[in-house]
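2 protein chains.
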Amino acid sequence: MLAQLIALDWGTTSLRAYKLAEGGVVLEQRSLSSGIMQLPKTPRVIAGQTCNDGFELAFDEACGDWLDAQPGLPVIACGMVGSAQGWREAAYRDTPANVATLGTSLQVIRSLRGVDVHIVPGVIQRSRLPNVMRGEETQVLGVLQNLVEGTGGDLLIGLPGSHSKWVEVTDGCIVHFDTFMTGEVFAVLSEHSILGRTQQRGASFDGEAFDRGVQVALSTDGEIGPLSTLFSARSLGLTGELSATAQPDYLSGLLIGHELSALATVQRRRRNSVHLPSIILIGNSQLCARYSRALDACGFARVMQAEQATERGLWQLALAAGLVTQNPSR
Amino acid sequence: MLAQLIALDWGTTSLRAYKLAEGGVVLEQRSLSSGIMQLPKTPRVIAGQTCNDGFELAFDEACGDWLDAQPGLPVIACGMVGSAQGWREAAYRDTPANVATLGTSLQVIRSLRGVDVHIVPGVIQRSRLPNVMRGEETQVLGVLQNLVEGTGGDLLIGLPGSHSKWVEVTDGCIVHFDTFMTGEVFAVLSEHSILGRTQQRGASFDGEAFDRGVQVALSTDGEIGPLSTLFSARSLGLTGELSATAQPDYLSGLLIGHELSALATVQRRRRNSVHLPSIILIGNSQLCARYSRALDACGFARVMQAEQATERGLWQLALAAGLVTQNPSR
Numbered sequence: 008m009l010a011q012l013i014a015l016d017w018g019t020t021s022l023r024a025y026k027l028a029e030g031g032v033v034l035e036q037r038s039l040s041s042g043i044m045q046l047p048k049t050p051r052v053i054a055g056q057t058c059n060d061g062f063e064l065a066f067d068e069a070c071g072d073w074l075d076a077q078p079g080l081p082v083i084a085c086g087m088v089g090s091a092q093g094w095r096e097a098a099y100r101d102t103p104a105n106v107a108t109l110g111t112s113l114q115v116i117r118s119l120r121g122v123d124v125h126i127v128p129g130v131i132q133r134s135r136l137p138n139v140m141r142g143e144e145t146q147v148l149g150v151l152q153n154l155v156e157g158t159g160g161d162l163l164i165g166l167p168g169s170h171s172k173w174v175e176v177t178d179g180c181i182v183h184f185d186t187f188m189t190g191e192v193f194a195v196l197s198e199h200s201i202l203g204r205t206q207q208r209g210a211s212f213d214g215e216a217f218d219r220g221v222q223v224a225l226s227t228d229g230e231i232g233p234l235s236t237l238f239s240a241r242s243l244g245l246t247g248e249l250s251a252t253a254q255p256d257y258l259s260g261l262l263i264g265h266e267l268s269a270l271a272t273v274q275r276r277r278r279n280s281v282h283l284p285s286i287i288l289i290g291n292s293q294l295c296a297r298y299s300r301a302l303d304a305c306g307f308a309r310v311m312q313a314e315q316a317t318e319r320g321l322w323q324l325a326l327a328a329g330l331v332t333q334n335p336s337r
Numbered sequence: 008m009l010a011q012l013i014a015l016d017w018g019t020t021s022l023r024a025y026k027l028a029e030g031g032v033v034l035e036q037r038s039l040s041s042g043i044m045q046l047p048k049t050p051r052v053i054a055g056q057t058c059n060d061g062f063e064l065a066f067d068e069a070c071g072d073w074l075d076a077q078p079g080l081p082v083i084a085c086g087m088v089g090s091a092q093g094w095r096e097a098a099y100r101d102t103p104a105n106v107a108t109l110g111t112s113l114q115v116i117r118s119l120r121g122v123d124v125h126i127v128p129g130v131i132q133r134s135r136l137p138n139v140m141r142g143e144e145t146q147v148l149g150v151l152q153n154l155v156e157g158t159g160g161d162l163l164i165g166l167p168g169s170h171s172k173w174v175e176v177t178d179g180c181i182v183h184f185d186t187f188m189t190g191e192v193f194a195v196l197s198e199h200s201i202l203g204r205t206q207q208r209g210a211s212f213d214g215e216a217f218d219r220g221v222q223v224a225l226s227t228d229g230e231i232g233p234l235s236t237l238f239s240a241r242s243l244g245l246t247g248e249l250s251a252t253a254q255p256d257y258l259s260g261l262l263i264g265h266e267l268s269a270l271a272t273v274q275r276r277r278r279n280s281v282h283l284p285s286i287i288l289i290g291n292s293q294l295c296a297r298y299s300r301a302l303d304a305c306g307f308a309r310v311m312q313a314e315q316a317t318e319r320g321l322w323q324l325a326l327a328a329g330l331v332t333q334n335p336s337r
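Same order as they appear, the protein sequences are chains A and B.
Note that the first sequence ends on residue 337 in the working numbering; no numbers are left out.
Note that the second sequence ends on residue 337 in the working numbering; no numbers are left out.
A portion of the hints provided could be inaccurate.
[Stated by the list, open to error] Derived CB-CB ranges, DEER-like:
| hint | chain 1 | residue 1 | chain 2 | residue 2 | range |
| --- | --- | --- | --- | --- | --- |
| 1 | B | R95 | A | G247 | 16 to 22 Å |
| 2 | B | F212 | A | Q92 | 35 to 41 Å |
| 3 | B | N279 | A | R275 | 21 to 27 Å |
| 4 | B | E314 | A | M311 | 44 to 50 Å |
[As the list claims (entries may be wrong)] Looking from chain A toward chain B, a few residues come up when the C-beta cut is under 8 Å (computed):
| hint | residue |
| --- | --- |
| 5 | R135 |
| 6 | V195 |
| 7 | V223 |
| 8 | L225 |
| 9 | S280 |
| 10 | V281 |
It is worth saying that the hints were derived from the structure and are not from the lab.
Glycine included, every Cβ here is placed at the ideal spot set by N, Cα and C.
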């Protein structure tokens with residue numbers, strides 16, 4: 008099959024490239040560490056010119072050979088590449104944001120090799136505590152395309168990660184979302200706080216320790232909040248009740264448990280109902296598995312995981328932008 | 008006045024030494040950075056022997072000259088020096104712990120120069136999420152000695168720091184305490200997370216930014232918890248609503264606000280009353296000033312700050328241990 012689109016998911020620490028054929032079928036994909044905060048630095052020749060621009064270098068590494076083989080391929084990119092620190096800023100769209108029409112607001116930058124890169128704007132919610140996303144709006148679109156009509160109203164889309172996003176969608180529009188810095192807080196505490204000193208990090212997931220952390224967050228003891236319960240990852244070690252190898256997953260469960268417990272409270276208040284919405288998770292499968300366990304413990308009864316949300320979303324946006332066409336024969 | 012006691016407050020990152028006279032009057036004090044995690048390493052001669060033991064070296068730096076001048080002076084020490092990673096482990100005493108009688112449970116280590124160092128045990132609360140303290144029990148004693156009879160029942164003693172402690176005392180006993188890792192979480196987020204990247208740290212305290220953070224934590228928006236509100240320290244910057252110089256104190260207010268909001272909730276539940284206890288704060292005066300502002304915003308109506316709690320507590324413990332005597336003529 009001939010390629011029709013190059014789709015880039017270009018974040019802070021990673022760059023994933025997809026070569027897509029008709030209908031968004033993935034022909035080839037790559038993962039590079041050339042996120043916008045760790046771009047390549049070694050100059051090289053691109054399109055006959057010596058180049059030392061990190062964005063050009065990363066772009067060339069990600070898909071230069073694909074473009075050499077098929078020079079006319081259109082390129083679309085989402086994520087932090089469109090931020091103020093990115094290649095070209097694509098201004099945020101305000102909530103409520105119709106994700107399907109984001110494709111009509113792409114920002115364009117012409118690369119050194121003469122190819123236009125079409126950058127997807129992020130979404131901003133100008134609430135008292137503002138929220139922003141870049142990349143997740145594309146994943147949300149990728150999921151919505153596959154949903155059965157009518158499920159939207161009782162649905163919450165979760166995107167676990169360094170900064171987890173929980174997105175409420177109505178009639179194809181992102182109407183509200185929340186951010187939790189759970190993943191980054193876990194990382195900095197494990198690497199730089201006293202909690203890391205007694206942790207022994209192993210390869211395999213300790214489900215029992217994780218579940219225990221979740222249960223503490225959900226218990227009466229957990230009402231004192233994460234700033235206090237955190238200390239139990241150390242004090243349970245001091246009393247011999249939590250081994251060094253169990254401490255990392257206990258801490259992970261504790262933090263994710265606090266996130267989801269707060270999420271459930273806020274969702275019930277906003278919906279003015281004891282019922283919790285259905286959940287669709289998007290992201291790394293190991294992390295989604297952790298969140299699934301914890302969501303179940305928190306009383307979220309219906310949890311599904313979406314596949315290929317990013318590449319599907321980028322394909323849809325390229326369609327909306329007229330960069331590719333739906334095959335009329337299908 | 009002749010010295011009667013050397014009192015050491017020996018923590019993780021610092022070592023404070025006091026030369027005390029009759030009645031606990033402070034004749035001289037010193038502050039060294041030789042906490043148990045950053046002991047001196049350069050060998051030197053102590054009592055005629057070449058020594059490379061970090062504890063001996065730090066001890067000699069802290070008060071060797073005082074002991075040379077008055078070789079018979081007794082020495083008492085509290086803090087992490089009595090932990091498993093300390094000079095000599097002084098096993099925790101369980102809650103309820105009578106702080107005045109901790110002086111009868113001192114652990115002794117004989118230093119190279121032949122002087123006995125008497126180490127105060129810490130306190131452990133073996134609750135479902137255990138809590139431990141080392142050094143704070145001595146400060147609590149130092150405060151209790153100065154209290155008017157009968158105020159204890161409606162009192163909470165706060166010790167802000169890297170790991171804040173909130174201590175409930177009944178009849179001279181520590182009956183319950185909570186720990187919040189607020190100070191350390193603030194430090195690791197500012198130094199190692201994305202929040203630090205846009206912070207511009209200045210010398211002067213931005214009270215407006217601090218109060219704003221406290222108010223967010225106490226507001227309906229704050230119910231989603233610190234893992235989520237944290238992100239506003241970044242997103243308010245992105246929307247131009249929070250300057251780079253205001254971000255550090257905003258984050259500080261946010262975290263302290265979440266700590267105190269949770270503390271108030273837990274205190275009301277435990278006391279089964281809407282009334283909040285009186286507060287006595289012990290610690291660094293600048294940090295106590297921050298906590299005072301935030302306590303006021305949280306509805307804690309009576310807040311006082313204690314002075315010289317550590318040296319007074321160490322003096323009382325030395326009295327209880329018979330290391331010094333109360334002057335009978337007074």
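Now for the hints, and whether the structure bears them out:
Our hint of 16 to 22 Å for R95 of chain B and G247 of chain A holds, since their Cβ atoms are close to 20 Å apart. A C-beta distance of roughly 30 Å is found between F212 of chain B and Q92 of chain A, which places it outside the suggested range of 35 to 41 Å. In this structure the hint that N279 of chain B and R275 of chain A lie 21 to 27 Å apart at CB holds, the actual value being about 25 Å. Distance hint check for E314 of chain B and M311 of chain A: the Cβ-Cβ separation is about 60 Å, which falls outside the suggested range of 44 to 50 Å.
At its closest, the beta carbon of R135 of chain A sits 6 Å from a beta carbon of chain B; the interface hint therefore holds under the 8 Å criterion. About 5 Å separates the beta-carbon of V195 of chain A from the nearest beta-carbon of chain B, less than 8 Å, and the hint is met. Because the closest C-beta pair between V223 of chain A and chain B is about 7 Å apart, less than 8 Å, the hint holds. Because the closest C-beta pair between L225 of chain A and chain B is about 13 Å apart, greater than 8 Å, the hint is violated.
Among the interface hints, the one on S280 of chain A is violated; its C-beta lies about 17 Å from the nearest C-beta in chain B, farther than the 8 Å criterion. Checking V281 of chain A against chain B: minimum C-beta separation of about 17 Å lies over 8 Å; hint violated.
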